[in-house]
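Peer 1: Protein chains in written order, with my numbering: chain A, 1 to 412; chain B, 1 to 253; chain C, 1 to 358.
You may find that some hints are simply not true.
Here are the simulated DSSO-like pairs of lysine-lysine, each with C-alpha atoms no more than 30 Å apart in a straight line [to be verified]:
| no. | chain 1 | residue 1 | chain 2 | residue 2 |
| --- | --- | --- | --- | --- |
| 1 | A | Lys218 | B | Lys3 |
| 2 | B | Lys6 | A | Lys231 |
| 3 | B | Lys31 | A | Lys243 |
| 4 | B | Lys6 | A | Lys214 |
| 5 | C | Lys18 | B | Lys31 |
| 6 | A | Lys243 | A | Lys231 |
Just the calculated beta-carbon pair ranges, DEER-fashion [unchecked claim]:
| no. | chain 1 | residue 1 | chain 2 | residue 2 | range |
| --- | --- | --- | --- | --- | --- |
| 7 | B | Glu231 | A | Gly363 | 39 to 45 Å |
| 8 | B | Ala117 | A | Cys77 | 44 to 50 Å |
| 9 | C | Pro222 | B | Ser10 | 21 to 27 Å |
| 10 | A | Glu264 | B | Glu148 | 55 to 61 Å |
| 11 | A | His75 | C | Pro222 | 57 to 63 Å |
| 12 | C | Ser339 | A | Arg308 | 40 to 46 Å |
| 13 | B | Met132 | C | Ile96 | 34 to 40 Å |
| 14 | A | Lys214 | B | Ser10 | 40 to 46 Å |
| 15 | B | Arg157 | A | Arg308 | 54 to 60 Å |
Read the hints as simulated data drawn from the structure, not as lab findings. Where a beta carbon is used, it is the ideal one built from N, C-alpha and C, also for glycine.
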Amino acid sequence: MIDMEYEIKVPVEPPTELKSYFIPIPPEYVEETYRSDDFLVLVGPQHPGSGHMRLIVRVHGDIIREVIPDPGYVHRCVEKVAENRLYIQNIPLVERPSIMDSANLNLGYVRVIEEALDIEVPERARYIRTILAELCRIGTHLYDAAILSVFMGHTTGFMYAFGVRELICEALVRMTGARFTCSFIIPGGVRRNVGSDVLRFIYDMTFEMEKRLKTFEKIFIKNPTVIARLKDVGVLTKEEAIKFGVVGPFLRASGVEYDVRKVEPYEVYDELDWDIPVSDDGDGYSRFLVRVNEISQSINIIRQCVRRIPGGRVISDQICEDGRSIRGHFFDSLANIVLPAGEYTTLTECARGTVVFTIVSDGESNVPYRFRMVTPGWLYLRGFMESLKGERLADLQAIYGSFGYFPPEADR
Amino acid sequence: MIKISKVEPSVSDRIKGHLNAITTAFVQALKPDRITVEYPRERRRYPDNFRGILIFDKDRCVSCFRCAQICPANAIKMEFYDNYYPSVDYAKCIFCHFCVESCPTGALRSSKVHDVAFKSLDDMYIHTNSMMSIPEIVREEEIEVEYEIEDGKLKLRREVVEKLEVDYERRRLILKKELSSLEVPPPIPVRKRAYCKDPESCLGCRICASVCPRNAIKYDRKKRIMSIDIEKCVGCGFCVRHCPMEILDLKVM
Amino acid sequence: MSLFEIFVSNMMNIPIIKPLIDYLMGVPVIRFIVALILWRPFFAIAIAPGLGALGLYLLWIVYFERKLTARVQWRVGPLEVCRPIRGLIQALADGIRFFFQEVIVHREAHRPYYVQLPILAFIPVLIPIMFIPAGNVVGIKSDYAIQLIVAFLALISITIVVIGWASNSRFAFVGSVREAFMYFAYEVPFVIAVISMIFLYGSGNPYVAVEKQTIPGVFLNPIAFIVYLIAMLMATSRLPFEIPEADQEIAFGPFVEYSGILFGLVMTLAYEKLYIMALLFTILFLGGWSGPYIWIIGDLSHVLWLLLKTVVTISIIVIVRSIYARYRLDQALKLGWSSMLGLSLVGLVLGVGVGWFV
């Protein structure tokens, strides 16, 4: 038998709108797609289920062959803008990419400056910073759970998650004055002391939050339709996750035990008693469950911090003599700090993964020479795209929600 | 490390899941756990450290320019009135309140007002002469809500706001009294004065004397040093920033 | 017999307004109009349970769905339109707003079908109303009423598929294909469930069906009840089977390009289908219009009981919306072709068996 190869020429013309210049795929790719009987779906920025980014999905019938992301829709040049501002003025700037996670980003940036200037942070300030970081971590997990539920059509889950998050915002208002983007952490400590009635409110609020999360669990997390949508969808094995550079809870859901807070502890994480949840199957449901367990671990950390917090100063004496509040001394102590020449890097565990901050200073200017910030969204984008191959078109939204991809954070 | 095991729902688990979800929805439909605040007829009560729009007190300001220099968004510019005072562009302001923290005398302070509406973009630039007076605020709420945790349960405590003298003609509450319940108490000013850390290194360039807006630094011929008049000095810090030898500093007196 | 005598011979009997009607029948010109309005077939088709009830139902269900869903979701729902009555006329305000919006017909659309189909889609919705009785108030009495209703309901899905085709857009195409798949999945179990009830009662005449329900049909054939309920969710694209109109995945499916009053019309299409199916459900399973006879309103008491039971059914369907997420297409198809088909066949056997005794 002679095997003959037949070339099937599909006489299909690709649609004209895909050939215009603003879509970043070469025309040869478009032709090749349509000749091999596939279909290009543009899940673009103006789509109820795409967030702020464009995804170019190559679909064969209902099965996704490949997804090409087009990030950069919300790119705001944070790194370049930071080169023109004082070190202290960059604090609100680096918080803004991921606004519900602002304390973790704020903390990472401030830790670089403290490492460069060798500033010792007082004990009470470290506890307050940890409480802030954990509150923002819970807020981000709830936000992503809400987006996941709305992508699957479950509007009740969305409302419940945001209703619980309202308690977090109330706690942040009482502590710092703003609902999110607190800008509360400065080199040397925090801006102001936190009263004991606020700490009492935070402690009581954790119990109320757990009660509402129980209702959320019954109606969303254990809902059979949700389990059916998320199980065995978008699987990333352990080797694939490591190869594609996935970070954060998505790496832990694929079986790798890595958390920056345990590997290189900062603030008071090594003095407290907590654990990291890990799962072995890397499907969408286990990614979601890892984050749900992280919420309860964070509540545990907050309760321990509130019980153990010591008294004392909240601002280091290298920055300011008045240890209770920086009011009145902010400009004189912090405006003109100059980092010694060199390159300084820290790793911080944001809610969605590891964030890398680097500052290169030339030793003389009071603005950074080069500022580099790599957010977790950018790091796991590749793993997210790889996990979409071979799934159905309707799973795009489910996997998107289970990863909790947030384009403003990834694009900066 | 907490291991999350694989979830394999059996048929009975699935039926239980369905029943749980359905009963939760029915229970919530009968007795909801609502936390809605029906704004604007009700309003949340904010704590004292809330970051709202800025209130400026002209008598305390020393024109030190610190607020304009620290603002991350370049929203504050100093304009001339009888001396230089700040004007705020609310199109740019991000309410971070670095300016409030930088002000040494407490001239800029926060308020609990955050929901301001302007009719055009030009209106959003509040010039200095408008900053001098307390802004006009119209409120229509009757009830103030506060989240409270009592016995482990979240309760919304609703209190009727005391209405002080409503002016029905112009439909607004009388200003000063109303704002006093919305504004944050002013801070105690930090009085700082300039002093020379290291008189030996002084070059005698007299830059400090020429930049001082209050003429508080004079050359003392007898002792042959620059002397700072503590009564006239307000702690604005210009001399500190301009001294080429960096030997001037501010100290709390 | 003149027209007037035909009308008078089949007039509605409402004791509470009988004095007024007697007085008006004496007035020369108005008595024709009054006789026409109170002629039983006209009353059934135009007022209740026909067009009038349908219009009121549409106004009510939008508001009720939003309020009930909001209550489950820790919210309040629409409140602002008319503050003293807590937003009751929200649906009316929305409908009037649609009249003021521009209807955009884009260049690539197939213009005749695009514009006319939302209006023509009302025909298979309104014809079944003629056959649904409420006591003596009925449009057309027929021995095959239930079969006719089921047959006309099947036409609505075809209009949705053609609407998606006429829009000529990427997402509308995907939505139409999904609607076609879902239509096949639910139609077979649905028809088998209805047939099993017809076997149980022995005829397709709604009067026979209600007469034989000394115990409601729910207990006579619970399996057909469950199959019908799930088929009702699938047929009207309600969660958890909101697959052709998935808002987040394919940007509203076949209806993506509609705006203005045409959008208002296509939105009400699913609700009207729900109304007809709920009326049929009440007649087959809940005992139709049977209930304590309220003498004072005469014929209207049957109508009232029928509409009340329909409202209860629809409330249950509405609350399911806030409980479940959306299934994927292949999971819904698997459900339809394996579990539901098996259950409906069991229901058929049960229906034939119980039909011997009833």
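Peer 1: Between the beta carbons of Glu264/A and Glu148/B, is the distance compatible with 55 to 61 Å?
Peer 2: 40 Å, violated
Peer 1: Honestly, do Ala117/B and Cys77/A meet the 44 to 50 Å range at C-beta?
Peer 2: For Ala117/B and Cys77/A the Cβ distance comes to about 30 Å; the hint is violated.
Peer 1: Quick one, are Lys218/A and Lys3/B close enough, alpha carbons at most 30 Å?
Peer 2: Holds, at about 21 Å.
Peer 1: Can the suggested window of 21 to 27 Å be confirmed for the beta-carbon pair Pro222/C and Ser10/B?
Peer 2: At roughly 23 Å between Cβ atoms, Ser10/B and Pro222/C fall inside 21 to 27 Å, so the hint holds.
Peer 1: Given the hint that Lys31/B pairs with Lys243/A, test it: the Cα-Cα distance must not exceed 30 Å.
Peer 2: Distance of about 50 Å is beyond 30 Å: violated.
Peer 1: For the pair supplied as a hint, Lys243/A and Lys231/A, is the alpha-carbon distance within the 30 Å limit?
Peer 2: 23 Å, holds
Peer 1: Could one say that the CB atoms of Arg157/B and Arg308/A fall in the range 54 to 60 Å?
Peer 2: 30 Å, violated
Peer 1: Is it true that Lys214/A and Ser10/B lie within 40 to 46 Å of each other by Cβ?
Peer 2: 22 Å, violated
Peer 1: Does Lys214/A lie within 30 Å of Lys6/B when you go C-alpha to C-alpha?
Peer 2: 20 Å, holds
Peer 1: Using the beta carbons of His75/A and Pro222/C, state whether their distance is inside 57 to 63 Å or not.
Peer 2: Holds, since His75/A and Pro222/C (Cβ atoms, about 59 Å apart) stay within the stated range.
Peer 1: Between Glu231/B and Gly363/A, does the C-beta distance stay in 39 to 45 Å?
Peer 2: Holds - the Cβ-Cβ distance for Glu231/B and Gly363/A, about 40 Å, lies within 39 to 45 Å.
Peer 1: How does the Cβ-Cβ distance of Ser339/C and Arg308/A compare with 40 to 46 Å: does it lie in that range?
Peer 2: 54 Å, violated
In this structure, the hints that do not hold are numbers 3, 5, 8, 10, 12, 13, 14, 15, in rising order.
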